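Protein chains in written order, with this note's numbering: chain A, 8 to 473; chain B, 8 to 92.
Warning: the hint list may mix true and false statements.
[To be verified] Partial list, computed: chain A residues near chain B (C-beta under 8 Å): (1) Phe245; (2) Ala314; (3) Glu432; (4) Leu438; (5) Lys446; (6) Ile447.
[To be verified] Restricting the straight-line Cα-Cα distance to at most 30 Å, the calculated cross-link-like pairs of lysine-lysine (DSSO-like) are: (7) Lys77(B) <-> Lys248(A); (8) Lys437(A) <-> Lys90(B); (9) Lys69(B) <-> Lys446(A); (10) Lys130(A) <-> Lys77(B); (11) Lys77(B) <-> Lys446(A); (12) Lys437(A) <-> Lys77(B); (13) Lys446(A) <-> Lys76(B); (14) Lys379(A) <-> Lys77(B); (15) Lys41(A) <-> Lys36(B); (16) Lys69(B) <-> Lys437(A); (17) Lys36(B) <-> Lys437(A); (18) Lys446(A) <-> Lys36(B); (19) Lys76(B) <-> Lys130(A); (20) Lys369(A) <-> Lys76(B); (21) Lys36(B) <-> Lys248(A); (22) Lys76(B) <-> Lys379(A); (23) Lys69(B) <-> Lys468(A); (24) Lys76(B) <-> Lys437(A); (25) Lys391(A) <-> Lys369(A); (26) Lys23(B) <-> Lys437(A).
Just so you know, the hints here were simulated from the structure itself, not pulled from any lab data.
For clarity, every value in this text was computed on a predicted model and none was experimentally measured.
Even glycine gets a Cβ: it sits at the ideal position worked out from N, Cα and C.
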Amino acid sequence: MDKLRRYSSFYEMVCSQAERLPQKTAFKIEREGKVAEVTFAAFKEDIDNLVSKVMGHGGSCAAVVCDGSYSCILNIMALCRAGYQTVLLDASLSEEELLELMDATDVDFVLGDEDLEELLREKNGEISDSSSGDGSAGPTRILFFTSGTTEHSKAVVLTESTLCSSAYNGSYLLPLSEDDTLLCLLPLNHVFGFVCGFLWGFSGGSCVALGRGMRHLIDDLSFFKPTAVSVVPQLLGFLLKNNLINTELSLVLIGAGDCPPEIIRGARERGLKVSFGYGLTETSSGVALSLGEDPYLMTICPDFEVAISEDGEVLIGNTTCMMAGYYNDPADTAAALSDGVLHTGDLGVLEDGKLRITGRKKEILVLSDGTKIFLPEYERALAKRLPGRDFAVTGVDGSPYLFVYNANKDCDNGLDAAHIGRSIETFMMKLPRGQQIKKICVINNPLPRTATGKIKRWELKEGRRY
Amino acid sequence: MENKKYTRAEILEITKEIIYESAPELEGKPLSEETVINTDTGIDSMGFTLIICRLEARFDVKIPDRQWKKLQSLSDVVTAIEKRL
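When you get a sec, could you build the whole thing from the sequences and use the hints?
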């Protein structure tokens, strides 16, 4: 293991690597169709040059639209160094959606996206506060959204310190070496992408190759030749199916969603070491990682304590990686985090001190692309398009399936999947592709419910024969 | 690259070819302009990404990322390409 150590800030991490490994490659990026390299020393210099410019902005909170580029990482590092609360935004969202998220998190300015910065200026006017950064001695806060722009989406307040600790915990169980190249394919506005696609490698002195976006998922592995990569299950399935795995790749870290066994099997058959991780935005990413034969039985990271409540819920205690709370939402924070213990909403069991996740207590569907759907909210939106219909959404193989009861099957010949599809089409177009209904099942039996009227989603999933 | 003019029918045929090539499990399943990509074919968002990238390369066009989620049916895809040729 190469110099595994704890850091309390990104800049401390950067300085340490720049001093220890000044001429070693920190990043591989694409420049004019070729792989270009940035050393640790050059990265530190780029941050130092940017910090003075950033300080001139005033205000105390800045946003970065995370397109995965080198300048995006540089902007985040410089803002944190300058003491700005930094909000990480999803590059696939529309300008209206981004403005909505910035409004909810009191963003003063946007760094690295002039068009969006202009829109924010038009909306909010000039920054009145002439001070720069938060001026506090505490660690800089970084806000991650739990999912898109739904009403259930929350901004989780993490810090440089919690994120650095998360990288330490991951590296402790699953170290990368200085010879490794970690390919960063996942968006940095997701905590799994930020920690496991970037910090995990960078903090240990490995090289981080910055993926070139969706259009290059088919050739990024052959272009950068990584030895390790962090992926969501769906992405790994895609890489395997299309034979996109490069010969140098030896380690795959899967996270952010349930992974079907056949995908893990497929990766192992290619000779890859596969580790499966469990974590939440609220815990700054990884809580436990599988290291052995059973991919779903996970060793708990050193800073974490895990217990199972009487009703089977996974409870997490931690002092180094835990969120400060949900931004401006003390009620939800108190509901999730009491006496320092996080109520995850996930169900699990402990086997010889190792964690196995068995299901979900909350009505949240975690999709195979790592995104989440809050089912009651999703179904309320569908109900507007399907008035009077009895229906439910559940997850099958990591995708949302819609089950609709054909209550008047004798006189309602027109109810078929295509008809329903047309009714919900405009709503689907507003959703990210992975969250759109994958299959519509018209069923001739009433939806299975509990005595209190709750839909038994598990039975629906099992009864796909409908 | 040669800027060939395609008819709508030709774009549809090439789109279908690329879908069959990218999702061989659909072989034998008829595809038409009315086919809804998500619910009728079972192609997931990654598979869709692959198809759009191949179509963009084939027709030398670029469909902006933020438009992708609006492409529900094959007809939407064909129209998006047609507009950019």
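- Query: Which hints from the list above does the structure break, by number from lowest to highest?
  - Reply: Of the numbered hints, 2, 15, 23 do not hold.
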